[in-house]
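**Student:** Here are the chains, one letter per residue:
Protein chains: 6
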Amino acid sequence: QDSDTTGTSKQDELSLITETPEEGFEVAVQLARKGVTTTQPNKKVLFMLRDVYSKDPDALIASSHVVAVHYQTVAAANNYWHE
Amino acid sequence: QDSDTTGTSKQDELSLITETPEEGFEVAVQLARKGVTTTQPNKKVLFMLRDVYSKDPDALIASSHVVAVHYQTVAAANNYWHE
Amino acid sequence: QDSDTTGTSKQDELSLITETPEEGFEVAVQLARKGVTTTQPNKKVLFMLRDVYSKDPDALIASSHVVAVHYQTVAAANNYWHE
Amino acid sequence: QDSDTTGTSKQDELSLITETPEEGFEVAVQLARKGVTTTQPNKKVLFMLRDVYSKDPDALIASSHVVAVHYQTVAAANNYWHE
Amino acid sequence: QDSDTTGTSKQDELSLITETPEEGFEVAVQLARKGVTTTQPNKKVLFMLRDVYSKDPDALIASSHVVAVHYQTVAAANNYWHE
Amino acid sequence: QDSDTTGTSKQDELSLITETPEEGFEVAVQLARKGVTTTQPNKKVLFMLRDVYSKDPDALIASSHVVAVHYQTVAAANNYWHE
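Residue numbers (the working numbering), protein chains in the order written: chain A, 1 to 83; chain B, 1 to 83; chain C, 1 to 83; chain D, 1 to 83; chain E, 1 to 83; chain F, 1 to 83.
Some hints here could point you the wrong way.
[Unchecked claim] Pulled a few chain E residues facing chain D out of the computed Cβ check, cut under 7 Å:
1. Val29
2. His65
3. Ala68
[Said to hold, decoys possible] In the DSSO-like style, the derived pairs of lysine-lysine whose C-alpha atoms are separated by at most 27 Å in a straight line are:
4. B/Lys55 x C/Lys43
5. D/Lys44 x C/Lys55
6. A/Lys55 x B/Lys43
7. D/Lys55 x D/Lys44
[Stated by the list, open to error] Computed footprint of chain B on chain C; a stretch qualifies when at least three of its residues, placed anywhere within it, have a C-beta under 8 Å from a C-beta of chain B:
8. 17 to 31
9. 64 to 77
In short, the hints are calculated from the structure, not lab data. Built from N, CA and C at the ideal position, the CB exists for glycine as well.
Just need the whole structure built from these sequences, with the hints factored in.
**Tutor:** As structure tokens, then:
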């Protein structure tokens with residue numbers, strides 16, 4: 001999970017509804033990171049860890065897995081972006 | 001999983017229904033922690049373990065994964081917070 | 001998974017339907033443990049293993065994950081305890 | 001996963017429909033084992049492996065997780081055994 | 001995952017619809033293997049790896065888990081083979 | 001996850017809707033890789049890692065698992081390609 005923890009500042013309230021599947025994927029990535037930063041809010045620690053997991057295939061696959069679960073949720077929320 | 005095990009005291013009965021996706025995420029985090037504290041209720045042990053998993057990328061990703069599964073449940077419970 | 005394998009004795013037949021989300025969580029924990037005791041019915045072995053996994057963050061997160069999957073099932077079974 | 005690979009002989013055709021949640025759990029366990037025996041049909045190897053995983057907390061939790069996914073499928077198939 | 005990568009040749013187009021739960025399970029196994037051969041198409045490497053994972057309980061449980069996720073999809077696709 | 005990160009260039013906008021289950025599988029693989037490249041955009045690192053995970057049974061099974069979760073989403077999006 002990237003250590004970019006801007007996540008959801010007060011103005012851009014968290015929402016699952018997006019215009020496109022692409023934007024939906026970004027929300028899924030944001031939710032996956034939020035799951036990490038909620039447990040470990042310390043940005044310095046996160047930044048240090050990034051160097052480890054971003055070069056570890058198992059960690060990269062595992063984080064892609066978390067995004068996949070959230071994307072399933074976001075896609076259902078948007079009725080799979082059917083017109 | 002953070003060792004904050006206030007979780008659900010008798011007054012604030014556990015509920016999946018929330019006003020916003022943000023509050024829904026907090027319930028998902030609470031449920032994920034409840035799954036840990038149910039298996040390991042000893043706060044001292046949990047506090048000691050926090051030091052380990054909160055600096056372990058694999059553990060942070062794995063706990064984000066548990067939150068993602070609960071968030072899928074909570075989001076469905078709230079019909080994805082459609083108006 | 002706690003080695004409490006009372007699980008479902010003949011009188012309290014297994015049911016997914018509960019009054020509250022809190023009771024639903026208890027059924028999910030019971031189902032997660034049942035998945036372990038079905039594979040390893042030997043209580044002495046389970047008790048011995050408890051000492052290991054109950055102090056292992058990865059195991060605690062993994063068991064919380066199993067509870068999360070069952071809780072998703074139980075919550076859907078109860079239509080998310082909507083009135 | 002237990003090495004009992006009677007699984008589904010020709011007479012008792014595989015079905016997801018059961019009378020009770022308890023029977024549904026047995027089908028889920030059967031499906032989880034079938035996923036192992038399909039990949040490793042050699043009973044001698046399976047029996048040897050049983051000695052390993054049946055005393056390994058991580059493996060016991062992981063197999064409970066597979067049962068949980070199948071149980072979610074079987075429960076939905078039976079409309080959660082609502083009367 | 002077995003290194004049998006016949007999977008879907010041009011004639012037998014991939015389909016999720018099957019007559020029976022048993023056939024549905026075969027499609028789920030096929031999809032799980034397809035997920036491996038898509039990432040690693042080299043049959044020699046796959047054959048070599050088979051010797052490793054087919055005797056590793058964790059790998060056997062993990063592959064049973066992938067089959068379980070696909071089986072959930074195939075079962076829903078066939079409305080759980082209700083008559 | 002293959003290091004082919006063509007993924008979605010601006011012209012072929014990401015969409016979950018496909019003609020066939022086979023094409024749906026390709027989208028699922030694309031989404032699984034996108035989950036990796038979003039976290040690790042550096043192609044050189046990805047290429048280096050491919051040598052590692054493409055010969056590791058656990059990593060191959062884990063990536064097949066991510067594809068399975070996305071395929072469940074894509075299949076639901078296409079109503080399981082029922083005519």
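**Student:** Each hint needs a verdict: does it hold in this structure or not?
**Tutor:** Evaluated hints:
1. Val29: Holds, about 5 Å.
2. His65: Since chain D brings a Cβ to about 5 Å from E/His65, closer than 7 Å, the hint holds.
3. Ala68: E/Ala68 check passes; min Cβ-Cβ to chain D is 4 Å, inside 7 Å.
4. B/Lys55 x C/Lys43: Not OK: B/Lys55 and C/Lys43 at ~34 Å, beyond 27 Å, violated.
5. D/Lys44 x C/Lys55: violated (34 Å)
6. A/Lys55 x B/Lys43: violated (34 Å)
7. D/Lys55 x D/Lys44: The hint holds at about 18 Å.
8. 17 to 31: holds (count 5)
9. 64 to 77: Answer holds; 9 residues pass the 8 Å Cβ test.
Hint compliance for this structure: hints 4, 5 and 6 are broken, all remaining hints hold.
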